[in-house]
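Peer 1: The lines below spell out each chain.
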Amino acid sequence: MLKRIEDWNYYELLLVERTASPDEIWAAYQAALTTYQTGSPALYGLVTEAERGLVLERVQEAFQTLRDPATRKEYDLALLRRAPYFPPKAPFRKSVGKLEIEEALPKKGLWARIKAIVFRRHDA
Amino acid sequence: MDKRIWAIGGGKGGTGKSFLAASLGLHLASLDREVVLVDADLGAPNLHTLLGIKASHPDLGDFLTNAVPSLAEAAVETPYRNLRIVKGSENILFIANLNHYRKLRLLRQLRQMEAPNIILDLGTGSSFNTLDFFLSANPGVVVSTPEPTSIENTYLFLKSCIMRVLKLYMDHYKIRDLHQRMLEQIEKNSQSLYGFFKSLMESDRAYGTILYRALRGFRPCLVMNKTRDDRDVLLGRSIADVARKYLLIDMQYLGAVPYDEDVLSSLRELRPFYLEHGDSAAARAVRRMSEELAYSIEFTLRTPPEIRLPDA
Numbered sequence: 001m002l003k004r005i006e007d008w009n010y011y012e013l014l015l016v017e018r019t020a021s022p023d024e025i026w027a028a029y030q031a032a033l034t035t036y037q038t039g040s041p042a043l044y045g046l047v048t049e050a051e052r053g054l055v056l057e058r059v060q061e062a063f064q065t066l067r068d069p070a071t072r073k074e075y076d077l078a079l080l081r082r083a084p085y086f087p088p089k090a091p092f093r094k095s096v097g098k099l100e101i102e103e104a105l106p107k108k109g110l111w112a113r114i115k116a117i118v119f120r121r122h123d124a
Numbered sequence: 001m002d003k004r005i006w007a008i009g010g011g012k013g014g015t016g017k018s019f020l021a022a023s024l025g026l027h028l029a030s031l032d033r034e035v036v037l038v039d040a041d042l043g044a045p046n047l048h049t050l051l052g053i054k055a056s057h058p059d060l061g062d063f064l065t066n067a068v069p070s071l072a073e074a075a076v077e078t079p080y081r082n083l084r085i086v087k088g089s090e091n092i093l094f095i096a097n098l099n100h101y102r103k104l105r106l107l108r109q110l111r112q113m114e115a116p117n118i119i120l121d122l123g124t125g126s127s128f129n130t131l132d133f134f135l136s137a138n139p140g141v142v143v144s145t146p147e148p149t150s151i152e153n154t155y156l157f158l159k160s161c162i163m164r165v166l167k168l169y170m171d172h173y174k175i176r177d178l179h180q181r182m183l184e185q186i187e188k189n190s191q192s193l194y195g196f197f198k199s200l201m202e203s204d205r206a207y208g209t210i211l212y213r214a215l216r217g218f219r220p221c222l223v224m225n226k227t228r229d230d231r232d233v234l235l236g237r238s239i240a241d242v243a244r245k246y247l248l249i250d251m252q253y254l255g256a257v258p259y260d261e262d263v264l265s266s267l268r269e270l271r272p273f274y275l276e277h278g279d280s281a282a283a284r285a286v287r288r289m290s291e292e293l294a295y296s297i298e299f300t301l302r303t304p305p306e307i308r309l310p311d312a
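Line by line, the protein sequences are chains A and B. Read left to right, the first sequence gives residues 1 to 124 (the numbering used here). Read left to right, the second sequence gives residues 1 to 312 (the numbering used here).
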C-alpha cells in the first residue's frame with residue numbers, strides 16, 4: 001500500500017512483525033539508529049539532512065512506545081481499531097507465467113469501438 | 001524446465017560484478033547445474049579473463065553480426081564442467097552502441113536458450129541496454145561496495161531502473177504524457193516518487209494502481225562487496241531499508257562478501273578465485289548467496305514481469 005514515511009506505523013518503520021519479541025525490536029532499533037545516524041553513508045545521495053532528522057525522531061518514538069509492554073499494548077489496540085491485522089501468509093502461486101500487466105483494465109477492443117461509432121451515428 | 005536468468009549489475013565500475021558473476025557460475029556448475037555465463041558488459045568485457053580464458057571467437061559480437069545464427073552457438077565450452085560462456089566482443093565500438101533491434105534479438109535469444117541457468121554480467125551505468133537486460137532477469141542482483149560513491153551510484157541505478165519500468169508500462173498503455181510529469185517530479189527530492197504516485201492516484205486511480213503494481217514487481221537483490229568490518233555488512237541492510245522507504249521497492253539484502261587480497265593475486269595468475277580459494281570467507285559468502293537465490297521459494301514462484309519494449 002502506498003504510504004508516506006510519516007504514515008508508516010512503528011512496526012513498518014522498524015521493519016519488524018507485529019509479533020516481534022522485545023529482543024527483535026531492540027535489534028531493529030539499533031539497526032535503524034545506524035541507518036539514520038548523522039553522516040550515515042546509507043543515505044548518501046538520496047535523503048536530505050532534514051528528512052533524516054525526521055525519520056530518526058520517529059524511530060526513537062517507535063522504540064520508546066514498543067519497548068514498554070503497557071504502551072505497546074495500547075498502541076497495538078489503536079492500530080487494530082484503525083485496521084485489523086492479519087499475519088503474513090505463505091507465498092502462493094499466482095498466475096505464474098502471466099504478465100502483471102494483464103491484471104490491468106482491459107483495453108477497448110475493435111468490435112467495441114465499431115459498435116460505439118455505429119450506434120452513435122444511428123442515434124443521431 | 002526451471003529456467004532462470006540471473007543478472008549481475010550495478011551503478012559503479014569496480015564493485016565486483018564480474019567477480020560475482022564468475023563465482024556464482026562456478027559454484028552453480030559445481031552443483032551439477034548447467035550454467036551459461038554471458039558477458040553482457042558491452043563497453044568493457046572481461047569475464048573470460050576472470051575465468052582464466054583468452055578472448056577468442058565466437059563471441060557475443062559474432063552473434064550480433066549474424067556470424068553465428070544463435071546465441072547458443074556463441075556459447076563456448078570452458079575448462080570447467082557444466083559451464084559455458086558467451087564471451088564479450090572485442091569490437092567494442094559496435095557492441096557498446098547496440099541498436100534497438102539487436103537488443104530485442106539478444107533478449108529473445110536469452111529467453112529461448114536451452115540452459116537452466118543463464119548469468120548475465122552487465123556493464124556499469126544506466127544505459128537503456130543495461131537496464132533492459134537487468135529488468136528482464138530474475139533474480140537481478142545489484143552489487144555495491146561500502147564507499148559513498150558506490151552507494152550514490154547504486155541509488156542512481158535503482159532510480160533509473162524504476163523510471164525505466166514505469167516508462168515501459170506508460171508506453172504500453174499509451175500514457176506518454178505522464179512520463180514528462182514523472183521526470184519533472186522525481187528529480188525534486190527523495191520523497192518525490194511518493195509524491196508522484198500520490199498525485200497520480202488522485203487524478204487517475206486506475207493508471208496509478210497499474211504503475212504502482214509494476215513498481216512493486218521490481219524486486220532486486222543487493223550484495224555488499226569488499227566489506228572490511230561489521231559496519232560495512234550492516235550498511236547493506238540500511239541501504240535496503242532506505243530503498244524500501246524512499247524508492248518504494250522491496251529490495252532483498254543477500255549479504256556481504258568480505259574483502260580479500262587474494263582476488264587480485266588470482267586475477268594476476270589468470271585463475272578463478274572461487275576455485276583457488278574455495279575455503280575463503282569470500283567464497284563461502286558467494287556459496288551461501290547463490291544457494292539462497294537458487295533455492296529460494298520466492299524466486300521459484302515469482303516470474304519477472306515481461307518487459308515489452310516499444311517497437312521503435
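Quick caveat, the hints were computed from the structure, so don't treat them as lab data. It is possible that some hints are incorrect.
[Stated by the list, open to error] Cross-link-like lysine-lysine pairs, in silico, BS3-like; alpha carbons within 25 Å at most:
id : chain 1 : residue 1 : chain 2 : residue 2
1  : B       : K103      : B       : K198
2  : B       : K198      : B       : K174
3  : B       : K54       : B       : K3
4  : A       : K3        : B       : K3
5  : B       : K167      : B       : K54
6  : B       : K198      : A       : K3
7  : A       : K115      : B       : K198
8  : A       : K3        : A       : K115
9  : B       : K12       : B       : K198
Peer 1: All hints, please: hold or fail.
Peer 2: Against the structure, the hints:
| no. | hint | result |
| --- | --- | --- |
| 1 | B/K103 <-> B/K198 | 34 Å, violated |
| 2 | B/K198 <-> B/K174 | 20 Å, holds |
| 3 | B/K54 <-> B/K3 | 28 Å, violated |
| 4 | A/K3 <-> B/K3 | 35 Å, violated |
| 5 | B/K167 <-> B/K54 | 39 Å, violated |
| 6 | B/K198 <-> A/K3 | 9 Å, holds |
| 7 | A/K115 <-> B/K198 | 36 Å, violated |
| 8 | A/K3 <-> A/K115 | 41 Å, violated |
| 9 | B/K12 <-> B/K198 | 31 Å, violated |
When each numbered hint is compared with the structure, violations occur for hints 1, 3, 4, 5, 7, 8 and 9.
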